[in-house]
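Please model the entire structure based on the sequences and the hints provided.
Chains as they are written, first to last, in my numbering: chain A, 1 to 89; chain B, 1001 to 1360.
Derived from the structure by calculation, the hints contain no laboratory data. Note that the structure is predicted; figures quoted are calculated from it, not measured. One or more of the hints may lead you astray.
Unchecked claim - Taking lysine to aspartate or glutamate and the EDC-like style, the derived pairs with C-alpha atoms no more than 16 Å apart in a straight line are:
no., chain 1, residue 1, chain 2, residue 2
1, B, Lys1102, A, Asp88
2, B, Lys1250, B, Glu1298
3, B, Lys1123, A, Glu15
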Amino acid sequence: MADKRTSIIVCRCEEITDEEVRKAVKEGATSVDAVKRVTRAGMGLCQSKICYLNIAKIIHEETGIPVSKLIPMKHRIPVRPVKIGDLDN
Amino acid sequence: MSDFVIIGAGPAGISAANESARYGVKVTLIDENNLPGGQLFTQTHKFFGSREHRAGVRGFQIGYDLIEEINKLNVDVLLDTIVYGISADMEVKYVTEGSSAKSITAGNILISTGALEKPVVFKGWTKPGVMGAGAAQTMMNVHRVLPGRKVLMVGSGNVGLIVAYQLKQAGADVVGIIEAMPSIGGYKVHASKIRRIGIPILTSCTIKEAKGSPQVSSAVIVGVDKNLREISGTEDEIKCDLVCIAAGLKPFDELCWLLNLEFKYINELGGFVPVHNDDLETSMKNIYIAGDAAGVEEASTAMEEGRLVGVAVAQKLEYLSDRQAEKLKGKINDRLKYLRLGSFGKKRAEGKKKLTSISK
Chain A
1 MADKRTSIIV CRCEEITDEE VRKAVKEGAT SVDAVKRVTR AGMGLCQSKI CYLNIAKIIH
61 EETGIPVSKL IPMKHRIPVR PVKIGDLDN
Chain B
1001 MSDFVIIGAG PAGISAANES ARYGVKVTLI DENNLPGGQL FTQTHKFFGS REHRAGVRGF
1061 QIGYDLIEEI NKLNVDVLLD TIVYGISADM EVKYVTEGSS AKSITAGNIL ISTGALEKPV
1121 VFKGWTKPGV MGAGAAQTMM NVHRVLPGRK VLMVGSGNVG LIVAYQLKQA GADVVGIIEA
1181 MPSIGGYKVH ASKIRRIGIP ILTSCTIKEA KGSPQVSSAV IVGVDKNLRE ISGTEDEIKC
1241 DLVCIAAGLK PFDELCWLLN LEFKYINELG GFVPVHNDDL ETSMKNIYIA GDAAGVEEAS
1301 TAMEEGRLVG VAVAQKLEYL SDRQAEKLKG KINDRLKYLR LGSFGKKRAE GKKKLTSISK
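Written as structure tokens, this is what we have:
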């Protein structure tokens, strides 16, 4: 199954594929935050709202770590897209 | 400065606003949409439960009633407004459409930001024509746009069943509902209704691919075994222009993660949920949580949880005596208990118990 899914996008905002995330996990990125740092998955407009579970599932498949131990990536202000100009006050 | 800032004006948030403002609390209610009420306005179906829970009344009507109530009270409602951060010293940072960023310091905060749809990854899932069932419901029932003519529904929980039915009512041809598990996920009464109008529900079946360029024009479905592994040779291609994904919801808690609140993973409630006490106060003092953000349930429980927080905040600010407040909370808790009966409710009740028991 995994082999057929390799070129499927898992992070839509940054267009990161299943294959790229799996490779990062195999090389030692075994948390959602670590995958983000290596691949940029989760760093786009939605800030991992959509792809978080996709990434957690792949880490689980590759390492056996249960999804219940894979917390979302670190959240920072602004958690929603805000125009830089709007913040200038 | 505001006594009580509520983020998210869905069933939980708006109920908390009404309940606390009724006793004199100065409330600021913030929502990113142009109308308070949240998902109530997508719900054209009648509610279940008792008369107290507005059984037999359609969701959007409950929404209008809540808005009518809020208009009579002293609540500051900020619409078209997104909250992009909360600082540890209770400063809520927000931007209203068309104006620059502002902030408000809150005595108490309720995070009632609802839930997000869980994605399902398969070949073609990013094509136009694949969308969440909740998104399809919003397009059709709020914006009056039919999102597709020939629909395949993926997932047979209550959301999948209800949205499939509403798509059919709105004039779409629903070609079928597929479910990866060996049995139907939602209430039998909804599933029976679906079967009566001739929509097939296929269990132990999943989607393998959405085909078409660029728009979806067909879907490949495949049978799965008990371990959800695809059974090769059982593929079937079905013509459709919309694939709706109803794979469940998860609490939408980005502001809670930002505040580093304590979380617990509870599968029955949709995943990670902020730990809270019986008043729905989280691991951080004066920060409350209610509705789907406090564990995915449904609109009736969300409204009761909102009321509970409203009473708790009015009590804390001494608009209510302890005796008055405990009496009101007792009534609300009785109604919540009633809503968490039955085989579906029981699971959620157990999940909630796990959540509150560890916070003591």
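Out of the numbered hints, which ones does the structure contradict?
Structure breaks no hint.
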